[in-house]
Amino acid sequence: AQKITQTQPGMFVQEKEAVTLDCTYDTSDQSYGLFWYKQPSSGEMIFLIYQGSYDEQNATEGRYSLNFQKARKSANLVISASQLGDSAMYFCAMREYLTGKLIFGQGTTLQVKP
Amino acid sequence: DTAVSQTPKYLVTQMGNDKSIKCEQNLGHDTMYWYKQDSKKFLKIMFSYNNKELIINETVPNRFSPKSPDKAHLNLHINSLELGDSAVYFCASSLGPRSTEAFFGQGTRLTVV
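Quick note, the sequences are listed as chains A and B, same order. Residue 114 is where the first sequence ends in my numbering, and the numbering goes up by one at each step. Residue 227 is where the second sequence ends in my numbering, and the numbering goes up by one at each step.
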């Protein structure tokens, strides 16, 4: 069965430092996609970054990068130079190839300290 | 311009009522979804439509009925609301079922009293 696991319910990081949010996945599909979303306290879901299973390079989008380790089935999100506005809940998700549905992890709450 | 918009943002209603949530996307996407986020923040897919055809129907009570009048709209109708239906409902869209992006609406917080 497809599964996404985020083992860190909550994380703290000092402003301007980098932080890594962990995500591991389980799938028997050869082709799949991995997503990260940010959910601030206002509630909307903001798409951050995508990594395809066949992409050889790690995805980057501004201060966000995805540390993709296929053999370990991990897709960690790295946020560089944390800002106060990064405080939010972060969700890792995997796209199931056949149906296209997103399977979400439990989420990690990140708090950035000034 | 909001890419994926849902209305209403908040919905408070009594048990037993019937209610609808509307969703529209102006991205020209072919695929639309409904997700439910429970009180523990867990997100789970409910339905997916591709080109107005239902392609995903998870184990959702048949009191929930999605309707897609065209590719840009996916509405969710809920009959005989129950207390356990209280949640945040998110509409989302993507170019196709295997797109590299999926955009969410702002969510509809449904409270059943």
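Quick caveat, the hints were computed from the structure, so don't treat them as lab data. Be aware that a few hints might be false.
What follows is a set of in silico ranges between Cβ atoms, one per label pair, in the way DEER data are often shown [claimed, not checked]:
1. D152(B) with L84(A): 43 to 51 angstroms
2. E196(B) with L84(A): 22 to 30 angstroms
3. Q128(B) with D55(A): 47 to 55 angstroms
4. E196(B) with Q57(A): 46 to 54 angstroms
5. D184(B) with T109(A): 36 to 44 angstroms
6. V78(A) with Q128(B): 44 to 52 angstroms
7. S28(A) with D152(B): 20 to 28 angstroms
8. N58(A) with H191(B): 36 to 44 angstroms
9. L84(A) with R223(B): 21 to 29 angstroms
10. P122(B) with M11(A): 28 to 36 angstroms
11. D184(B) with L98(A): 19 to 27 angstroms
12. V78(A) with I169(B): 20 to 28 angstroms
13. Q57(A) with I169(B): 39 to 47 angstroms
14. F156(B) with Q30(A): 21 to 29 angstroms
Values in this document were obtained by computation on a predicted structure and should not be read as measured data. Virtual Cβ for every residue (Gly too), placed ideally from N, Cα, C.
To see whether the hints hold, each was checked on the structure:
1. D152(B) with L84(A): 43 to 51 angstroms: 28 angstroms, violated
2. E196(B) with L84(A): 22 to 30 angstroms: 40 angstroms, violated
3. Q128(B) with D55(A): 47 to 55 angstroms: 49 angstroms, holds
4. E196(B) with Q57(A): 46 to 54 angstroms: Check passed, 48 angstroms falls within 46 to 54 angstroms.
5. D184(B) with T109(A): 36 to 44 angstroms: Given a distance of about 38 angstroms, which is inside 36 to 44 angstroms, the answer is holds.
6. V78(A) with Q128(B): 44 to 52 angstroms: The hinted range 44 to 52 angstroms holds for V78(A) and Q128(B), with Cβ atoms some 47 angstroms apart.
7. S28(A) with D152(B): 20 to 28 angstroms: 27 angstroms, holds
8. N58(A) with H191(B): 36 to 44 angstroms: Given about 42 angstroms between the Cβ atoms, the range holds.
9. L84(A) with R223(B): 21 to 29 angstroms: 25 angstroms, holds
10. P122(B) with M11(A): 28 to 36 angstroms: 33 angstroms, holds
11. D184(B) with L98(A): 19 to 27 angstroms: For L98(A) against D184(B), whose Cβ atoms are near 25 angstroms apart, the range 19 to 27 angstroms holds.
12. V78(A) with I169(B): 20 to 28 angstroms: This hint is violated: roughly 34 angstroms between Cβ atoms.
13. Q57(A) with I169(B): 39 to 47 angstroms: 31 angstroms, violated
14. F156(B) with Q30(A): 21 to 29 angstroms: 27 angstroms, holds
Consistency with the previously given hints fails for numbers 1, 2, 12, 13, ordered from lowest to highest.
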